[in-house]
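Protein chains in written order, with our numbering: chain Y, 1 to 253; chain H, 1 to 265.
Source of the hints: derived by calculation from the structure; they are not laboratory data. One or more of the hints may lead you astray.
Unchecked claim - Okay, the calculated bits of chain Y under chain H, using three or more residues with CB under 8 Å as the criterion:
1. 58 to 67
2. 91 to 98
Unchecked claim - A short list of chain H residues far from chain Y (calculated; beta carbon distances all over 10 Å):
3. Asp10
4. Ser64
5. Ala75
6. Gln86
7. Ala89
8. Glu92
9. Glu180
10. Gly183
11. Gln193
12. Glu199
13. Ile207
14. Gln237
Just so you know, even glycine gets a beta-carbon here, dropped at the ideal spot from N, CA and C.
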Amino acid sequence: MTTHFFSDTTTLLGRSLRHIVRSPDTIITTAVMPIAMLLLFVYVFGGAIDTGSGSYVDYLLPGILLITIASGISYTAFRLFLDLQGGIFERFESLPIARSSVLWAHVLTSLVANLVSVVAVVLVALLMGFRSGAGVLAWLAVAGILVVFTLALTWLAVVAGLTAKTSDGASGFSYPLIFLPFISSAFVPTDSMPGPVAAFAEHQPVTSIVDSIRDLLAQQPVSADIWVALAWCLGILAVGYALAMATFHRKTA
Amino acid sequence: MTVDATIRVDGLEKSYQALDVLRGVDLEVERGSIVALLGSNGAGKTTLVKILSTLLQPGGGSASVNGFDVVTEAAQVRESISLTGQFAAVDETLTGRENLVLVARLRHLADPGRVADGLLARFQLADAADRRVSTYSGGMRRRLDIAMSLSGNPPVIFLDEPTTGLDPQARVEVWQAVKELAGRGTTVLLTTQYLDEAEQLADRIAILHEGRIIVNGTLAELRQLLPPAEVEYVEKQPTLEDVFFAVVGDRGGEPAAAGPIGIDN
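Put together the whole structure using the sequences plus the hints.
Printed below as a string of structure tokens:
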């Protein structure tokens with residue numbers, strides 16, 4: 001049935017995008033929390049944080065973007081859970097469609113919704129004085145990293161959405177992901193942290209991703225960080241996709 | 001063995017962990033007939049329907065729908081069937097029309113818009129076509145749900161407790177829709193826990209109990225299972241449903257519908 005994969009995915013993507021357009025609150029709430037953090041850290045705490053030269057908003061933005069995505073993907077789990085709950089998931093699965101297109105439609109919707117939220121956050125950051133002289137290629141690289149990061153977390157969200165027993169469970173799984181950036185180089189440089197915390201911070205995925213994006217936007221030469229960042233993202237993506245598919249197939253066994 | 005069985009179930013088994021839900025179900029449904037699968041909650045009705053609609057894998061035995069094996073030819077089975085689950089599986093954020101177009105697209109039909117319009121008219125939903133489904137009444141939702149199932153005219157339809165949770169008026173609406181279906185030659189397997197529903201709609205009734213079909217026959221045949229002494233029990237009182245409709249004065253367009261054994265039909 002793979003012959004219909006693309007047309008079925010497109011049809012179902014159109015359905016999910018309609019949901020978002022008709023209740024844009026999911027995009028707004030996704031963007032509001034990171035924007036509030038941006039304001040709080042830049043105008044309240046930022047003055048006390050020493051990040052070396054450069055403005056704090058420039059330093060902070062990459063981490064805030066990751067937080068935006070981490071909170072945005074919880075809506076994917078939530079929407080998928082609602083589909084399962086309402087029975088429409090089973091209706092789709094009993095139709096002569098390429099079955100995995102149901103999941104892909106949700107994943108692509110997540111990508112679109114998160115992209116919109118991320119753009120909104122970047123616009124607010126621009127108003128707050130964020131500036132970057134990065135060229136097109138650097139921006140494309142940043143976008144690429146964020147896309148892979150979104151896909152990776154979204155497939156994890158699919159697992160949560162497929163296995164959740166309640167809607168709170170479906171959306172609650174992302175809380176740890178939202179807080180992971182706090183123990184990284186996203187808000188403060190890791191060398192200000194005590195030894196064990198710094199060790200954790202330096203070896204968890206967020207730090208390498210944040211550092212790569214920061215270097216790209218600051219027109220610094222990107223270090224090996226970008227390969228570590230990509231390895232993390234692709235690794236999580238592979239694991240998340242495999243887990244999601246396994247969960248999906250187990251549902252029909 | 002029926003010669004022309006659209007649905008054929010042979011020794012079907014399914015268990016969840018230690019719980020045996022289906023313990024050797026045998027069932028045949030003739031082309032163009034309505035068979036009601038009757039059973040109490042937890043009897044395994046939904047499990048059987050899910051296996052037949054390829055949403056669940058059987059644990060043992062075999063089943064075929066429209067000549068296709070539910071395990072090895074699942075894709076062809078899905079081309080032949082449509083499932084209306086226990087809860088109206090409609091998209092609340094979309095309009096009625098968008099729901100129908102969505103399903104028509106997923107069935108890869110030639111002209112989804114025209115298919116949707118035809119079904120809207122047939123199920124008296126044309127006026128509400130461009131309203132979001134979240135504003136629909138329970139009966140309208142269920143009619144839309146059934147209309148979505150009919151998109152592309154699949155030869156076999158599974159209705160899993162189609163009237164559970166509906167008010168009497170909506171129930172009569174659904175019954176009319178189902179009767180009309182069978183009139184067009186569609187094979188219908190419906191599950192229900194309401195005895196009068198089975199009586200109203202079904203050509204044959206199969207009773208699923210503790211994972212097996214314990215009785216299977218026409219209403220007349222099932223009645224004969226009782227000793228004659230019990231057959232003379234005829235209730236003369238109107239049912240509460242009759243009273244309800246008499247007071248409300250609206251049968252959803254149908255002159256006479258449900259009643260206890262021996263009063264109408």
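Hints versus structure:
no., hint, verdict
1, 58 to 67, "violated (count 0)"
2, 91 to 98, "holds (count 7)"
3, Asp10, "holds (20 Å)"
4, Ser64, "holds (16 Å)"
5, Ala75, "violated (5 Å)"
6, Gln86, "violated (7 Å)"
7, Ala89, "violated (4 Å)"
8, Glu92, "violated (8 Å)"
9, Glu180, "holds (21 Å)"
10, Gly183, "holds (24 Å)"
11, Gln193, "holds (18 Å)"
12, Glu199, "holds (27 Å)"
13, Ile207, "holds (25 Å)"
14, Gln237, "holds (37 Å)"
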